[in-house]
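Trainee: Here the protein sequences come in this chain order: U and S. Okay, so the first sequence: first residue is 1 according to this note's numbering, each after it adds one. Okay, so the second sequence: first residue is 1 according to this note's numbering, each after it adds one.
Just so you know, not all the hints are guaranteed correct.
As the list claims (entries may be wrong) - Keeping only pairs whose Cα atoms sit at most 30 Å apart, straight-line, the calculated DSSO-like set for lysine-lysine is:
| id | chain 1 | residue 1 | chain 2 | residue 2 |
| --- | --- | --- | --- | --- |
| 1 | U | K458 | S | K262 |
| 2 | U | K233 | U | K253 |
| 3 | S | K258 | U | K458 |
Stated by the list, open to error - Over 10 Å on every C-beta distance to chain S, these chain U residues come out as not near it, computed from the model:
| id | residue |
| --- | --- |
| 4 | D131 |
| 5 | E236 |
| 6 | E254 |
| 7 | V398 |
| 8 | S446 |
| 9 | R449 |
| 10 | A463 |
What the hints assert, rightly or not - Some but not every residue of chain S turned toward chain U, in silico, with C-beta under 7 Å:
| id | residue |
| --- | --- |
| 11 | V60 |
| 12 | A293 |
| 13 | M296 |
| 14 | T345 |
| 15 | R347 |
Since the hints were made in silico from the structure, they are not lab data. No residue lacks a Cβ here, since even glycine has one placed at the ideal position from N, Cα and C.
The lines below spell out each chain.
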Amino acid sequence: MRSYPSRSDRRSPLRKLRTLGIALTAGAALSAASLAAQDEPDPAASPDLFLRANKVIVSPGKSLDNMGLLVRDGRIVAMGKDLAAPEGAQTIEGEVICAAFIDPWSVAGVDASSARSDRVDTASRATDALDPYGQDEVLDDLLASGVLMMRVEIGSAASVSGVGAVIRADGATPVLADAAISARLNTPGLDPVSRVGQVDRLASALGGAKKYADDTAAFESNLKTWEEEIAKKETELTEDFKKAKKARDKKVKEAKEDGEEVKEKKYKEDKRPRPPKFDAKKASLARAVGGEVPMVIHVEQALELRELLRVTRPFTRMRMVIAGGRCALLFADELAERGIPVIVTPAPSSPGGDVGEMDPGFALAGELSARGVEVLIGSGATSASASRDLPLLAAAAVGHGLDEDAAFHAITAGPARVFDLQSKVGSVRRGLHADLLVLSGDPLSSSTRVLASISGGKVVHQAGN
Amino acid sequence: MLISCLIAAAPLLGATAADDAFALRASHVHVGDGQVVLDAFVVVEDGVVKSVSNNAPRGVRVVEVDGHIAPGFISLRETLGAGSENSERTRKSTPTADLSFAFDPTSPSWKGLVAEGVTTVLLPAGSSQIAGGQAAIVSPAAGEVLKRNAVVTLGLSRSALGSSTAPTSFAGLYAHLGEQFDTAPEGSPLADAKAGKVPVMMRAVTRSEVSRALDFAAAHGLKGAVLGAPEADDLVDEIKASGLGVVFESKAAPASSKDVVKSALALSKAEVPFAFTSDAGSQGPLGMRMQAAACMRAGLEAGAALRAMTADAARIAGVDATHGTIATGRAADLVVWSGPPTDLTSRVHSVYAGGHLVHSAHAHGAHQ
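With the hints as constraints, model all of the structure from the sequences given.
Mentor: If you want it as structure tokens, here you go:
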């Protein structure tokens, strides 16, 4: 099984337990091996790449004029006004250089039936559904449109759909195999009681996962205490060994003389603490509850969102992300206060949609942002090729009130931050991975063309090619 | 600047008198045919454009607008609010059907479309009929039918074939349609189409469907456009030779949207006129602009994209004498944008239809 980069392998108790569980449930499909840390870009044997533009957008709202960038071994190794192209380097010039677009809510690159499946659970992994060959055409389109990374999820028909990944459009290769756990509270056509029931079920799953995490932590702690005590006992025994042997020899001798049998005193050890029964689903969800990975929840309507916000208040470490959120404006203050980002899909379809007249349509992104909520823009995982229109969706959000820098943030630095990749991608800085675009104009302008797409240091698209 | 515009425009909201003359002044006036007039005055009188010039008009109230003025967009298929009124399900041909009956000006959905700058739409028959009737051209903002019996709509794609009712094959379809045209009495819609008096819009999707439609149009002397044709780029020469235009559907399937992008570029290069549908019922009010912007991101000139949504659309629908451009005598369907009208990042500040202010971003409480 291939090993994919995941979050830095902190030796968390859960992680160890997970490995244990997998050893026990021999051959479980979960790939603990894939958790091995490996986040280096491919050491491409390609020559240096030199990029130059009149404007380099370092991060949303911050740009530098007339800069050169040197890309080597998949990373940005130098930036400067006076930087010259080294000999033999491939040179690409344009008007603007910026970070590649990242779709925070997509199904591009994963097998279509896995994407729609209802047979997944919290422990299912999107990396098991990657489909670079079946989707090569769609992925090529993404490269041409500048959407070089996606946070993908599977199981759009399941209430909780497992571990999503951030992947590169180039070959559908994972950048982060465990980017987020996702769930949805958006089953159309349910009656209000069942809808509240859905939220309650999610809450109890989260509660169960929290208890599991607590029990696991308690086990870890008890086990440590127990091991220490055993060690102490053993030391005592070793030290007292001679004395004990003498006493025993004497006892045996006496017994022999008396013609009796020696009754060995059995050493009764303290009971070893027992771990909670391994549960892959709970273990996976516990990572979200503990804040190790973000929890993305698809909610559109006010009823579910209100309930969700209420029931998740006790889970203070959980990093929740709302996806969809057509009614999010009603809760903008709480979302802003709790730092819950919203992945807005300025969906061109279904005017009115689920929430009827209350649907702010394309204005949602702008209005949420104005109320202090962090806005990401995603294509909404409706179809693989929907991700291609991500820059158009961001532009449409600008056309309906979102600040231009906020819109750019929503498809670059924002997704990178929310999914813990800001130290690798999402902005243009020395040392970061070279996932970049060379453009003919401002990133969101409709008349701008993507002149070149650079994914992990590799030129994966050039206009006219 | 915007505020000054709104203050100046505010009295207009209540104005209904058609003879209320006024002028809009903007940094850019996009005529619609590709021309852009800088720092120009558009004078409106009796609901029509009286003049476009750099000189300040005398004796007319001038509204300063901050941004670009462009003609209202024209969608060549929009059936919002029509329900199933635009399709006669029990018959394959109802060529005399007047589709203006399917226009429901009270449908609340129109508001969203107008707010995106669409002021004129063509309401055609459904594509499951072969000769479904005569499309109407309507102004959703004014709630008026602008032109009845404007375009003859023909369904020449697979969706017009029946599974158990005739015709079930393309051979049968063309036999049926050929007979309809051959026997059409003088003055009937099909006879008018044959005489070139009324344009047709023939829905054909696959390449072979388009080829057959082109052949049929040539055989019967039809002018107008093919509706659909996502792969028109493979048939550029044939389409160019036919003199017909193409109306691309803002389809739900993104795969076909990609074909449309390629085809629009090819047609633009070959100077074949093309336009778009809005289909807001499935695509939302922004569908047409999104499709045009997708073409632009792939290299279509902004001017060509604007023409497709204004002047060329009017030409294909046969209403270029009254719509699609900002020129003397044309209807004062004007949209004030914050920037270039084809750019998705531009906001609609206000929309005028027939000289009346029908939408103002500020009045609708949009976030500024």
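Trainee: All hints are to be evaluated individually against the structure, with a verdict given for each.
Mentor: Comparing the hints with the structure gives:
1. U:K458 / S:K262: holds, 26 Å
2. U:K233 / U:K253: holds, 27 Å
3. S:K258 / U:K458: holds, 25 Å
4. D131: holds, 16 Å
5. E236: Given a closest Cβ separation of 73 Å, the condition holds.
6. E254: The claim holds: E254 of chain U sits with its nearest Cβ about 93 Å from chain S, beyond 10 Å.
7. V398: The claim is violated: V398 of chain U sits with its nearest Cβ about 4 Å from chain S, within 10 Å.
8. S446: Non-interface label on S446 of chain U violated, nearest chain S Cβ at 4 Å vs cutoff 10 Å.
9. R449: Per Cβ check, R449 of chain U is inside 10 Å of chain S; nearest 6 Å; violated.
10. A463: Given a closest Cβ separation of 8 Å, the condition is violated.
11. V60: violated, 31 Å
12. A293: With Cβ-Cβ at 4 Å, under 7 Å, it holds.
13. M296: It holds, given that the least Cβ distance between M296 of chain S and chain U is near 5 Å, below 7 Å.
14. T345: holds, 4 Å
15. R347: holds, 5 Å
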